[in-house]
Amino acid sequence: MLAYTLRRIAQAVPILLLVSLISFGIMQLVPGDPAAVLAGPNATPDELIKLRQTLGLDKSLLSQIMIFYGNLFQGDLGYSIILGEPVLKVVLERSPISISLALYSLVLTVILGLSIGVIAAMKHNRWIDQVAMTFALIGVSVPNFWLGLVMIVLFSVHLGWLPTGGYVPFFEDPVGWFLAATMPALSLAMMQIGLLARLTRSTMLEVLGQDYIRTARAKGASEPRVIIKHAMSNVLIPVVTVLGMILSVLLSGSVIVETIFAVPGIGALLGNAILGRDYPMIQGGLIFVAAVLLMLNIVVDVLYAWLDPRVRVQ
Amino acid sequence: MSSLEMNDSRSEPSFLSRFFEGRRVRRLIRHRSFMIGLWLCLFVTVIAVLAPVISPVDPNKMAIRSRFQPPSFEFLLGTDNLGRDLFSRVAWGARLSLAIGLGVVLLNAVFGVLLGALAGYFRRLDGILMRLSDALMAFPSVLLAIGIAAAMGASAMTAVISLAVVYIPRTARILRASVLQVNELEFVNAARAAGAGDFHILRRHILPNCMAPLVVQLSFVFAYAILSEAVLSFLGLGAAPTDPSWGIMISEGRSYIREAPWMTVIPGMAIAITVLGLNLLGDGLRDVLDPRVKMEH
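Protein sequences, first through last, are from chains W and E.
Residue numbers for the first sequence follow numbering that gives the first Met the number 0, beginning at 0 and rising by one.
Residue numbers for the second sequence follow numbering that gives the first Met the number 0, beginning at 0 and rising by one.
Hints listed in this document are in silico derivations from the structure and should not be mistaken for laboratory results.
Keep in mind it's a predicted model, so treat the numbers as computed, not measured.
You can trust all of the hints, since none of them are fake.
For each label pair, taking beta carbons as the anchor points, the in silico distance ranges come out as:
| # | chain 1 | residue 1 | chain 2 | residue 2 | range |
| --- | --- | --- | --- | --- | --- |
| 1 | E | Glu185 | W | Ser232 | 36 to 46 Å |
| 2 | E | Arg130 | W | Gln52 | 28 to 38 Å |
| 3 | E | Phe198 | W | Arg224 | 55 to 65 Å |
| 4 | E | Leu101 | W | Pro40 | 34 to 44 Å |
Computed footprint of chain E on chain W; a stretch qualifies when at least three of its residues, placed anywhere within it, have a C-beta under 8 Å from a C-beta of chain E:
| # | segment |
| --- | --- |
| 5 | 7 to 17 |
| 6 | 28 to 41 |
| 7 | 134 to 142 |
| 8 | 151 to 160 |
| 9 | 251 to 262 |
| 10 | 280 to 294 |
In this text, a Cβ means the ideal position worked out from N, Cα and C, and glycines have one as well.
Work out the full structure: start from the sequences and follow the hints.
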């Protein structure tokens, strides 16, 4: 198991180097002079020269890459132009907020997605199945930011049940955190709930057709026992494999959902960086999020290998 | 034309006729999800194509006296904060969304197939191409598109390019897996033994047999491209601010969500109907063309 974990970490290193190179390359796509774009139309030539020097744009591309990697290996993701602070410091400050929101969304996704999928499979081709799958399909098709806005109108403006946005730290006020995070987490999770419900249903239907399930039923096991004890363990394996992908989508969606609900996480930080053309922040934020995702994927893979020992051998 | 190619063209029906063979078409017609999806997609396409004809007014025509009109007989879907007719804007928005989605699909079809085929067939290229795709797929999809669009500057073309970059590695991976599978089959070995060249084998024997998962993947890419384009436009990174894009309409409606909720609700429903149609279509295609594949998106 340790060898497998180390192998997965070793595989992630070149990918991380490529990820950072791509992030660097994306910033080269800025048309014209990025310093002129950043400084705005009223900048004097002296200010432009100074900004070019600060950003290292006065050097050759190769030197820029060398400096970029040199800084990266020292944990330097650049300097935010808008906030005037190191990018790493800012993203580390904001990340607990986004991670708590993503985890809440993940819990909602797993609980609701699995339940809906299992119920639909158990009631295959009955009206409950039809309703559940229609719900799942609508969940997959609705844009999360739009859903967030509709929920604000419904639950905040009309019913007054939940706050329209903001963030309360969990350890200061757990109830406040729960109330503030529910709508953003649900709008982030809705698409993943739909996907997971559909995946769970199809896997469960496949598993329920297996011989060992028929044997369990023939031995007189009750239906809940058949589902929970015999079928679920095999249904969970493909579910674990999509966890990494679900986390990726949840983090991806956080840019827009955090902006809508005024949650001061990494997503909103990147949203503001885009509006303010804070390129070092966008570049550093992209690298940070991709690195976190790579780590999470390693955790998911190790978890998968632990659940299914065949994977370790492969 | 070599004797081998002549022989192929006699023995094998064309790709299109094989792909849309009667049995498959009959199964698709009987597939309920596929047919509902097809009707929804046709509905949106007809609206997009006929937008200049069915729009009562220019989608950008402002009428300050008619601001914030709720849906009525006079204004079918209401008006926005500048008095622009929402029905006209939604119809023209369908054009923009479908055009961007189609652009992303076309780029995926060309580059996804090219890279997937090269990686799957030429093993020496596989390592580097797949590591590159791993790196691109390590970014959360929409976030990567946002990064590229932010750097390149907002425009519909930027949206197409950035979303294509995001989805091409995924398409290439699916095609690569199919190429690897088909490459092991006996008829490919037979063609190789008969002296056929690599590109001939790829073009005539392997790729036509990899089309089913590709078509299914592209239908889902279409749906995701429309959703993601709305996100980009909402953030001001997609279509120009004056364009009647569904994402921009939702973004504009956000400021007036208490007084005029229809400004937000209606374009969102247009996105949901289009994506729902494409998802249903994709489900049907997957069930009929590629039943082994489960939902992996």
